[in-house]
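As you go down the protein sequences, you meet chains Y and V in turn. Position 195, counted from 1, in the first sequence is what the numbering used here calls 195; the numbers after and before it change by one each time, with no gaps. Position 129, counted from 1, in the second sequence is what the numbering used here calls 129; the numbers after and before it change by one each time, with no gaps.
Please keep in mind that the hints were generated in silico from the structure rather than gathered at the bench. Since we're looking at a predicted model, the values are computed, not measured. Just to be clear, a hint being listed does not mean it is correct.
To be clear about the criterion: a stretch of chain Y counts as covered by chain V if any three or more of its residues have a C-beta under 8 Å from a C-beta of chain V, and this derived list gives those stretches [said to hold, decoys possible]:
(1) 33 to 41
(2) 127 to 137
(3) 275 to 284
Listed below are the simulated DSS-like cross-link pairs for lysine-lysine, each with C-alpha atoms no more than 27 Å apart in a straight line [unchecked claim]:
(4) Y:K127 - V:K291
(5) Y:K16 - Y:K28
(6) Y:K127 - V:K295
(7) V:K194 - V:K295
(8) V:K108 - Y:K28
(9) V:K108 - Y:K24
(10) Y:K124 - Y:K207
(11) V:K111 - Y:K20
(12) Y:K20 - V:K108
Note that the Cβ used here is the ideal one computed from N, Cα and C, for glycine as well.
The lines below spell out each chain.
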Amino acid sequence: MSENKAKSSEFDDILKQQKKLQRKEQLKNDLPLYLMMLPGIIYLICNNYLPMFGILLAFKRINYAMGIFKSPWVGLDNFEYLFKTKDAFTMIRNTIAYNAVWIVMDLAIAVFIALCMNEIAQRKIAKVIQPIICFPSMVSAVILSFLVYAFLSQSYGYLNTVFFKDNPVQWYTTARYWPFILTIVHIWQSAGQSSVIYMASIGGIDKSLYESARIDGANKLEQIRYITLPLLKPMIIMMLLLSIGRIFNSDFGLFYQVPLGNGMLYETTQTIDTFVYRALIINNNVGQSSAASVFQAVIGFILVMISNLLVRKINPENSLF
Amino acid sequence: MAKNKNKIKLMKGETGFHYTALVIMILMMLFCVVPLILMLTVSLSSEASLVRGYRFIPEQWSLDAYFFMWAKRATILRAYGLTILITVVGTIISLIMTSMFAYPLSRKDFKPRNVVAFILFFTMLFNGGMVASYMVWTRLFHIKDSILAYLLPGSLMGGMNVLLVRNYFNANIPYSIIEAARLDGAHDWTIYSKIMVPLSKPIMITIGLFSALGYWNNWTAGIYYINNPKLYTIQVYLKKLMDSIQFLKTTDLSNEAVLLASRSLPTESARMAVAIIALIPILAVYPFIQKELIKGMVVGGVKG
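Throw the hints in and build the complete structure from the sequences for me.
Structural data, given as structure tokens:
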């Protein structure tokens with residue numbers, strides 16, 4: 001019996017050793033794979049994970065002379081200062097309000113364009129129209145600001161010298177015009193691009209559905225209402241949810257560069273992203289800037305989690321996790 | 001026969017709908033093109049005719065703006081060259097890093113792949129915010145006023161792109177090919193460079209194009225990290241040009257120094273000409289790459 005036990009323990013040892021060897025072998029085999037990931041891992045650490053610890057900065061009073069690490073902790077002071085200012089209310093209101101209106105508007109426009117494009121898809125001109133309406137999304141915000149300037153410039157702009165010759169409008173100093181200007185510019189830049197997804201989904205709908213509807217005497221509008229839109233519904237809901245996850249983010253270029261960073265337009269153009277830039281780089285107010293930036297990051301994380309959980313319920317394939 | 005196939009058969013009552021859609025889309029196309037045309041014609045107008053305002057059809061055509069730029073070519077060509085350099089280098093590094101990261105993730109026999117996938121994935125859900133990122137790059141890595149500022153912060157390797165490439169590997173390259181190569185004694189580096197990358201050209205092209213576009217259009221890195229005018233890319237140069245116009249607008253022009261400064265600035269038409277020049281490379285390649293770009297918009301759009 002005891003001999004048997006000794007034998008089995010010997011056997012175990014051999015097995016263990018073999019496993020160890022196997023693991024070593026495995027590691028040696030996988031070494032190239034680890035090496036391939038190394039640059040990426042280093043980059044993720046520098047670009048993504050170190051800044052996550054940088055969140056702690058928002059709870060410090062940064063003093064460059066003392067160095068970041070030695071700067072004193074101040075608890076929630078930065079947040080308190082930030083939320084006492086009128087800026088905080090303005091930027092949060094603007095960020096959410098623009099997003100809320102644009103999410104709905106973008107969706108309606110994108111689906112509408114997709115329906116129209118689908119209707120003319122067989123014409124040759126469709127092959128020209130589609131690339132052209134997608135082109136504006138390739139234009140940088142700086143060039144965009146030149147395009148807008150060509151229309152709105154006080155003394156030379158197209159609008160002032162053609163339509164408002166007698167009493168020129170001060171576009172760049174009057175805040176109340178900018179919700180409309182920004183909305184038009186936003187549509188110009190993104191409508192074509194966002195319609196592409198819906199065009200692809202409509203293209204994937206079984207054509208025989210429309211054929212049988214036509215035989216039953218359904219007109220085009222009825223076909224859209226009873227076939228296309230119901231089949232697009234899952235996609236529409238998913239895109240809505242995904243954009244809700246980004247409701248605290250704004251297009252920095254559009255809100256900062258297109259109004260030319262003009263201080264007189266804060267009321268309608270200041271968003272969290274433009275505030276963070278102004279406070280950090282222009283006004284050198286690291287405390288409030290980092291408080292706003294952390295606020296955005298944390299709320300953004302919560303919203304992304306919620307929206308993805310909801311997306312997963314509807315269509316796991318399109319969820320991030 | 002082929003022609004007949006393309007013809008649209010319309011039933012009664014459908015023509016109205018069809019032509020409405022056609023008109024709407026043509027209007028939409030014009031809406032997208034018109035601002036670009038205005039910018040182009042302004043750049044081709046003589047300075048004198050612009051005094052009465054920007055017009056779609058200039059009263060007097062002129063190439064003066066482009067000659068003016070040629071006179072200032074030292075600055076503009078430097079900015080242009082730097083932009084090209086950043087775009088090319090950034091895109092290549094980004095493609096290599098992304099695909100090298102995606103390959104192990106696609107290997108089902110690679111044990112730590114779930115852990116690594118999570119590390120990557122978490123960066124897509126959460127970030128430290130702009131200020132934290134700025135502090136890390138400037139205080140820890142000191143990239144202020146160097147070309148690295150255009151390349152490193154942001155999306156040298158974006159999580160979404162890695163996942164897209166990994167999914168492409170998984171969906172289009174059967175594992176049996178990799179196994180066969182290994183039996184023949186192929187090293188992982190060989191499998192990656194001789195099998196995976198060449199077989200995944202479509203996704204590499206799509207991601208490469210978007211990454212190139214991102215680098216070409218990247219001006220925010222310039223305003224966050226760059227103060228040295230010698231390191232301005234064409235986009236940053238344009239941005240600073242716009243700033244100086246605004247500065248002059250808000251300053252008393254009776255001040256002689258300012259007036260002198262305003263003379264050395266590119267004229268009205270030349271500003272638009274610089275913008276056109278920055279847009280030309282995109283305009284030039286767009287017709288050839290638009291199919292890939294639009295495909296990419298579908299894939300990327302669905303995944304946010």
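Holds or violated: the region 275 to 284 of chain Y covered by chain V, criterion of 3 or more residues with Cβ-Cβ distance under 8 Å?
Holds, because 4 residues of the region 275 to 284 of chain Y bring their Cβ atoms closer than 8 Å to Cβ atoms of chain V.
For the region 127 to 137 of chain Y, count the residues whose Cβ lies under 8 Å from any Cβ of chain V; is that count three or more?
holds (count 10)
27 Å limit on alpha-carbon distance, applied to hinted pair K194 (chain V) and K295 (chain V):
Between K194 (chain V) and K295 (chain V) the Cα gap is close to 25 Å, so the pair holds against 27 Å.
Would you say the region 33 to 41 of chain Y counts as covered by chain V, given the rule of at least 3 residues with C-beta under 8 Å?
Satisfied; 7 residues make the cut.
With the threshold set at 27 Å, check whether the alpha-carbon distance from K127 (chain Y) to K295 (chain V) stays at or below it.
holds (14 Å)
Given the hinted pair K108 (chain V) and K24 (chain Y), is their alpha-carbon gap at most 27 Å?
Given that 27 Å is the threshold and the Cα spacing comes to 19 Å, the pair holds.
So if I understand the rule, the pair passes when the alpha-carbon distance is 27 Å or less; does K16 (chain Y) with K28 (chain Y) pass?
The given pair, whose Cα atoms are some 18 Å apart, holds under the 27 Å limit.
Has the given pair, K127 (chain Y) with K291 (chain V), been kept, meaning a C-alpha gap of at most 27 Å?
Answer holds: K127 (chain Y) to K291 (chain V) is near 10 Å, not above 27 Å.
Tell me if the straight-line CA distance from K124 (chain Y) to K207 (chain Y) falls inside 27 Å.
Holds - the C-alpha atoms of K207 (chain Y) and K124 (chain Y) are around 20 Å apart, at most 27 Å.
Would you check the hint for K111 (chain V) and K20 (chain Y), treating anything up to 27 Å between C-alpha atoms as holding?
holds (16 Å)
CA of K20 (chain Y) to CA of K108 (chain V), is that 27 Å or under?
Roughly 21 Å between the alpha carbons, so the hint for K20 (chain Y) and K108 (chain V) holds.
Does the structure keep K108 (chain V) and K28 (chain Y) at a Cα separation of 27 Å or less?
Distance ~17 Å between K108 (chain V) and K28 (chain Y) Cα, so the pair holds.
Checked against the numbered hints above, the structure violates none of them.
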